[in-house]
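Enquirer: Given next are the chains, with one letter for each unit.
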Amino acid sequence: MPIDIASYRAWEGRARPAPLAALGIAATTIRRRLRIRIVRIIVFVFLVVSTGAAALVFYGTLTGRGDPRVQEQIRRFGFENVDVLAILNRLFDIAIGFWAFVLAALVGAPVIAEDRRARALPLYFSRPIGHIDYVLGKAMSAAFFLALLLIVPRIAMYGMDIAFADAKGAAWDHMPTFLRSCAVGALGVALFTSLSLGVSSLFERPAYAALFLLGLGALLSVTSLFLADVLESPGWLALSPYACVHRIAIDLLPVPIGLSDDTAALEKLGIGTAWTGYAAWTALGLFVLTLRVRRVEVVT
Amino acid sequence: MIPSPPEPPPIASFEHAAKWYGHVIGLVDATVKIGPGVTGLLGPNGAGKSTFLKLLTGQLQPSQGEVRLLGVDPFAKPSVHAQVGFLPEQDAFYEEMSGRAFVRFLAGLQGCPRARADEAIERVGLASAGNRKIRTYSKGMRQRVKLAQAIAHDPRVLVLDEPLTGMDPVARRQMIDLMRDFERRGATVIVSSHILHEVEAMTDRVILLYQGRVRAVGTREEIRGLLDRHPHQIRVRSPRPRDLARVLLDLPGVVGVRLDDGSVHVDTSDPEAVYDRLPACVLEEGLPVDGIEAEDMGLDAIFGYLVTK
Numbered sequence: 001m002p003i004d005i006a007s008y009r010a011w012e013g014r015a016r017p018a019p020l021a022a023l024g025i026a027a028t029t030i031r032r033r034l035r036i037r038i039v040r041i042i043v044f045v046f047l048v049v050s051t052g053a054a055a056l057v058f059y060g061t062l063t064g065r066g067d068p069r070v071q072e073q074i075r076r077f078g079f080e081n082v083d084v085l086a087i088l089n090r091l092f093d094i095a096i097g098f099w100a101f102v103l104a105a106l107v108g109a110p111v112i113a114e115d116r117r118a119r120a121l122p123l124y125f126s127r128p129i130g131h132i133d134y135v136l137g138k139a140m141s142a143a144f145f146l147a148l149l150l151i152v153p154r155i156a157m158y159g160m161d162i163a164f165a166d167a168k169g170a171a172w173d174h175m176p177t178f179l180r181s182c183a184v185g186a187l188g189v190a191l192f193t194s195l196s197l198g199v200s201s202l203f204e205r206p207a208y209a210a211l212f213l214l215g216l217g218a219l220l221s222v223t224s225l226f227l228a229d230v231l232e233s234p235g236w237l238a239l240s241p242y243a244c245v246h247r248i249a250i251d252l253l254p255v256p257i258g259l260s261d262d263t264a265a266l267e268k269l270g271i272g273t274a275w276t277g278y279a280a281w282t283a284l285g286l287f288v289l290t291l292r293v294r295r296v297e298v299v300t
Numbered sequence: 001m002i003p004s005p006p007e008p009p010p011i012a013s014f015e016h017a018a019k020w021y022g023h024v025i026g027l028v029d030a031t032v033k034i035g036p037g038v039t040g041l042l043g044p045n046g047a048g049k050s051t052f053l054k055l056l057t058g059q060l061q062p063s064q065g066e067v068r069l070l071g072v073d074p075f076a077k078p079s080v081h082a083q084v085g086f087l088p089e090q091d092a093f094y095e096e097m098s099g100r101a102f103v104r105f106l107a108g109l110q111g112c113p114r115a116r117a118d119e120a121i122e123r124v125g126l127a128s129a130g131n132r133k134i135r136t137y138s139k140g141m142r143q144r145v146k147l148a149q150a151i152a153h154d155p156r157v158l159v160l161d162e163p164l165t166g167m168d169p170v171a172r173r174q175m176i177d178l179m180r181d182f183e184r185r186g187a188t189v190i191v192s193s194h195i196l197h198e199v200e201a202m203t204d205r206v207i208l209l210y211q212g213r214v215r216a217v218g219t220r221e222e223i224r225g226l227l228d229r230h231p232h233q234i235r236v237r238s239p240r241p242r243d244l245a246r247v248l249l250d251l252p253g254v255v256g257v258r259l260d261d262g263s264v265h266v267d268t269s270d271p272e273a274v275y276d277r278l279p280a281c282v283l284e285e286g287l288p289v290d291g292i293e294a295e296d297m298g299l300d301a302i303f304g305y306l307v308t309k
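From first to last, the protein sequence lines stand for chains A and B. All the letters of the first sequence, read from the start, carry residue numbers 1 to 300 under the working numbering. All the letters of the second sequence, read from the start, carry residue numbers 1 to 309 under the working numbering.
Each hint can be trusted.
The calculated label-pair distances, taken between Cβ atoms and stated as ranges, are: (1) ARG132/B to PRO176/A: 51 to 61 Å; (2) ARG205/A to HIS23/B: 24 to 34 Å; (3) PHE226/A to GLU96/B: 36 to 46 Å.
Far from chain B by the CB rule (all over 12 Å, computed), these chain A residues: (4) ILE38; (5) ILE41; (6) ILE155; (7) PHE212; (8) SER221; (9) VAL222; (10) SER233; (11) ALA264; (12) THR273.
By construction, these hints were calculated from the structure, which means they are not laboratory data. Cβ coordinates follow ideal geometry from the N, Cα and C atoms, glycine included.
For reference, chain B alone in the conformation it holds in the complex:
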């Protein structure tokens, strides 16, 4: 029997990592491993996403536990940042500098040539406005400058903190395409957001954070699998929702129903049984049904379960 090859080391890992600021908890007992590809970091404001990313990029030292990036402690070994690009959530500029000069300066700190900084400026679509002062830039342009300085050195690990903030829909799409491009070239992209559909659009691999704790790690389906003990939700639309709700309550596995504007929201621990038996019930009772849809597989639903645990 041929032994299976050893599992490659993760690009980034947290081992019981915690961070607190005085009495305020930033992150508690986080243990996760992050591999290549795009990983979404999801949680509401104050969940600990920025603390997570700052620990990952060596800007903070864990109060407890261990953080590794490309195999080393990023706080103790700043040299690892030569392979990391970071887009901070907040605007961090010298406003009187031009976008081009700013990106050149920061790229220079990476040991990156000017020409490369200029290419990054072009790549984010700021070539024509690159010589204008940053103080004249719109929110979306500022995001592009931050992105340019993060990608100028073609990093192996790209860390983006709320990158879509302030971007118009077209720019959002382009930003997501850019992440995919990095993914295709074997890079690791770690992106945070508090907007669920944004993360859904960017990646299927998710780390869910809430109140400083890692609540779940995995694909949407894997996370959903962890939550089998929680009821799945199915929405059934009908012009006679009350009659329909009465019938649905008799189905096996259904633990509750809720009426909402022409719809019945069904909580069930056995969704397959509902799907199997619902058509027959509808026919027997003569109840009209306009549509059936699962509400569970959206990150909204998963997140809702997790934060109320």
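For reference, chain A alone in the conformation it holds in the complex:
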């Protein structure tokens, strides 16, 4: 296999910094992540199962309203005159919390760590891209997967809500609930992306970064619950990033029925404290990321 000079044609084009280098980095990182089976499984299961479950509920709830037996069931569960879309989104939030951490550990935590381990950073930073392009590209890849988990099912729910609704103006009437639910999803995406990339920038082994993120999530959840209980101060719940997002979801998507004991406990956490906790965790992730990647001068 010769290095063939004779066949080489000098390029007459002009190399320019790719204006959307971050998109190129994100696309390649997404493709590489999708080669991991567990990532594919989680994304598929949540997209299909959550969308399918939502379809069944909407079908039963909305199309069966003319049936006396269905009406009786709706009354029994206290679903009468409530915003079904909001309830579904809240139930979705309860179900999804743990898996959001798992997915963040799988798709966010490894992305910078693996570049450091593969010594790929010189190849990035000897190109016309800045540190911000690099971080943005990696963040977009993690956000893509998290959005598949946290936002796309909400869009599907809204779609079915409209499809099965009796009233003609349902799309417009239910738009505020839909937008609020998407806002909750976007807050989750931002938080988990920031935290997972911050953790990723601390490690050189992707597995360690993933395990650390999962461990951190579990530790913070347990510790926050323990301290809130022992000290009888619900403010400690803000130690858990997931609790903060969940509390904000309760505020953005109020429903007049109790959905779980956890929800009831979380409602004691002040919304201001929850927002503060959310902002602090997201900022901490970004701060670590900025600090570490800014200092990633390529020393191998």
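With chain A fixed as given, assemble chain B onto it according to the hints.
Expert: Same frame as chain A, now just chain B:
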């Protein structure tokens, strides 16, 4: 009198540049200018070659001093890298990607079309293996992938860190030809190596590094000229080396001799005098001589002098 045209600005320059990692020194007070053509960066492992190249390619920020590439600070202005191709010393791959996909991805970051990446793959002789995963590649093939991603955008400045590592002799020759091709087209090639004969084969223009310091800059002859105060070495082969050594010690300028397996290594500050008078001495004393050769002009000799200064 017509004024001479102003000297063109260097492609790359270091102005009292230094880099240290905590207490570890990477490079100290480096001041050099690099123009078009092939320039060799020579030094043993740990001499500071990689630090030099990383400063040059903007991967490191100098702790002190200034580094310029194509007139700008490469650390602060990543856009300059659109005109730079870099082949790192260490393997840096996504092993599960194919060589072609990897080169396409990196070329894309340069704003370079896919077709151009494919041409680079062909140029380095990986067309038939381009769709295989990188993890299946041999060391030499990995070097070719690294080379392809460095040349895909036809850079104005090509920076190669130990490019011949792992390549067979034929591939080495081809790599050197490729550098020459870039040189012919007006590009600047900066290539590092710790193997002296490799650098000799690649270029006559050399920057010598040792213990983080630039020890010498210039052509082999220029560097040798800087070292006139150091003795030149001449090797004289003879079946009677002891008798020959005694005669040689009496010649003017000879400061020492060393015997080694049928040879006399002569250290002299005046090599021309040795060459002039040696034949006469040999004839007068009746000493047989099998051969005379200068040992100095090899980079090995120059490097040996510099590192023992």
